[in-house]
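Those sequence lines, one after another, are chains A and B. Residue numbers for the first sequence follow the numbering used here, so the first one is 23 and each next one is one higher. Residue numbers for the second sequence follow the numbering used here, so the first one is 319 and each next one is one higher.
By construction, these hints were calculated from the structure, which means they are not laboratory data. Just so you know, even glycine gets a beta-carbon here, dropped at the ideal spot from N, CA and C. There's no promise every hint is true.
[Said to hold, decoys possible] Which bits of chain A does chain B cover? Going by a derived footprint, with three or more residues having C-beta under 8 angstroms, they are: (1) 123–132; (2) 153–166; (3) 233–242.
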Amino acid sequence: MTQILTPTDIPAETPVASPLLRVENLNISFAVGRGRVDVVHDVSLSLDRGRSLALVGESGSGKTVTARSLLGLSGDGARVLADRREILGRDVRKLNDKQWRGIRGKHVGFVLQDALVSLDPLRTVGGEIEELLKLHRFGDKAERHARVIEALTRAGVPEPELRARQRSGELSGGLRQRALIAQATALNPELIIADEPTTALDATVQAQILDLLASLKADGAGVLLISHDLAVVSAVADEVAVMKEGRIVESGPVEQVFGDPQHAYTKALLAAVPRAHAKGTRLSAAAPVTAIARTERAAKLDPSAPAIEAVGLRKDYTGPDGITRTVVNNVSFTLETGTTLGIVGESGSGKSTTARIALGLTEPTAGTVSIGGHAWTGLSERERAPFRREIQVVHQDPLSSFDPRFTVQKILRDALRAAGTDRAGHPARIAELAEQVGLAAAVLDRHPLTLSGGQRQRVAIARALALEPRILVLDEPVSALDVSIQAQVLDLLADLQTAFGLSYLFISHDLGVIHHVSDRVLVLSDGEVVETGSAHEVFTNPRQTYTQTLLASVPSLPPHTR
Amino acid sequence: MSGTVSPGSVPEIADPGVDAQSVQVPAAASAAGFSAPAAGRGSRPNPVWRIGARLLGALAVLFAVVTLTYFALKLVPGDPVLAILGGGGAAPSDATVAAVRAQYGLDLPVYQQYLNYLAGVFRGDLGTSYIFKRPVLEYLGPQIWPTLQLTLASVALAWLISLALTLLTVRRGRVADAIGNAVEVLFAAIPPFWIGIILLVVFSFTLGWFPVAGNADLRALVLPALALAIPLAGFLAQVTRSSFAEALDQPFVLSARARGASTTGVRIRHALRHALLPGLELSGWAVGSLISGAVVAEVIFSRQGLGRALVDAIVARDTPVVLAVVVFIALVYVVVNILVELLVRVVDPRLIRKRAAA
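Build out the structure end to end from the sequences listed, making use of the hints.
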């Protein structure tokens, strides 16, 4: 890279001293039916060059709509009103579409969540970046190509010539996100808006992307970061604005807002983040589920034996290309009855395959599993059936595991029927299950599609509990939830474990969550066990370099944060 | 697939870390993680072998069509010799019947006749027309091009109409959407013969813009092609509309807009390409069925063509001609479907690897 990037020209009429972005009393409403619904109320923001402002809030808080209004892309039927909405000192309230197009991409770069869907999957990465350059009439073909390669290089994409010819689906998660950032920054926009740029990325990749955003900031760009992840925010942002229900409830420098939160909502958000010193405490303000009744059932499993004992598990898959890959190799673990074993690893580490083997859904190539002292592998389905109800699963996205035509009541009844329980007892048992997982009775008649993420996950847990299992395999049960909902679900799981003496195999890529819930931890990488030990040992004194790197890459809230 | 082979790239349980967003592209990038790419590449099946397999498949289809049609026509009651000798009106002597039977090989056992026919097909001899007493190829040859011309023109027009409907009405406001939808349903529901007559009355008789009949020049092609294209356009537009609307909801559309692309630019450069696939797959079927369906336009507009030849041959029980037309239609189906598959791969290059792997 010999060519030196020059800052993009700032429109001549713009005084250089004006802030990059200034918004006062922004109000956004959408046409719904005949009326209008207000989604953003009186939001004021300001951002300077070389600084980063984070908009924090949960889904539906209005942060994304606010950000998109700065691109003039609030969506169909949106009405945007503001006392002041300036980008680079230019009033953008009355711009027509053509004027907006001159700003988008050139002065404001926009980075979305996952490049797999945020870059056109049918076009090459290079083609997508080149489109930006063409739209803004940048150089000739050779110059554009050079700039594409340069932008990819700057975003830390190795082998840029090769990557430019590939499509987003051919790149790994980290490279896709880099390509997406390269696409948004190829013309050196002064303002970069990043909407959840690291959600769905593994911890180590997330750390790399955050570094990249910080370096763009250091180069003089203003970064508007949208995130629900408070730790991510604290890694990049200088200032933070906390949004709730379309309003900014608290704003200021990151250290001040996170260190000494004033608003109750900010405090609750911060308390909901699972952290080292919060282990063993409740994360949410919700009252613990009490009065849990338990119908006693003759136990098939020996309570004195480990809930799950896995020895030397190995699983090979032969791909369509005829190459055999070992997905899980020599994995052994013991889940003691009534405790939680956390399995942590990045995508491709083999944790989901391990879960399937534990559930008896996948037969291991080698190795054995026993549950409660009974052999669990090497059995025919008929031999396994009597023990099926002892081990149940809760997935990340329960919606896809519900029949969309069923009401919650029917989902639970279906599970009870599968267990072969007496039909007359069903209504009472369903009411009991709903109470145990903290679902209001009114929810029973609704369809899962109309429920919130947290409610759906409670339904999934109730369905798993319907069979009165001794063991629950929890496969990323809170990964799709907002932090405060996540806190409630984690608290619920802890209550249920205490009440029923359940054993949990808890799988997650989120180290904070694993630390919070686990008694013992198993760290997986490339299908092998890297490290195992008590949660305290692994998290405070990791012995393996891999674990140390993994832990170091997790952005954490500053320790003084309350 | 993605060329990224890490342990665990067999996503058994969706891996939420990365997979949450990968609904659009199955498996491709899922679980790819950030580990080193490489491996897996170079393991694609040999393209020569793949094309060979495809051609063998095509031959098998043609063979099956010839065989099935041959025996199905044999099952039709009635003596073909009577058809050869001039149909029900004629009263030939027994000697004449026997002579003709021997001349056309109809006195042989059925399997022998079938083998003879197959041997003829391999030599490029499709037999002799019972009615015209000429080699079938010689009789049908001049009919082929007018029908192909009509079919291709219809498909092209149908695509033009459906793309225009899609680009102009999908997500262009509630009124435009409703109009587009209504037009499509109407088009899809119109019978070709009815629209053919209406076009004839309006544009030929009343306005005199196009010739009433014949296949003299390209002007004569417009109305019959339109008559066939309008119902097809209705179908094409309906499948294109829904996939187009789906594509417009994808995040990459927002990315493109944020890059500074105009609404129309995004529609044409991004969304349209995603919306083409279902319609393209449908086109393979459409071309084949248009050839046999061409008869409607050919009769109304008094055009030469295979469709009319087929109907005439069926009515006159001219078995060799019927057989030849059916085989020709099958051939077109096979060729067009191979072309469609190639086109689909141009539109969606991801499929090359996906299908190769499958």
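Annotated coverage of the segment 153–166 of chain A by chain B, confirmed only when three residues or more have a Cβ within 8 angstroms: As far as the segment 153–166 of chain A goes, the hint holds, because 4 residues have Cβ atoms under 8 angstroms from chain B.
Claimed coverage, the segment 123–132 of chain A by chain B - three or more beta carbons nearer than 8 angstroms: holds (count 9)
8 angstroms C-beta criterion, at least three residues: is the segment 233–242 of chain A covered by chain B: Contact hint for the segment 233–242 of chain A vs chain B: violated, 0 residues under 8 angstroms.
Going through the hint list in order, the structure does not satisfy hint 3, though it satisfies all others.
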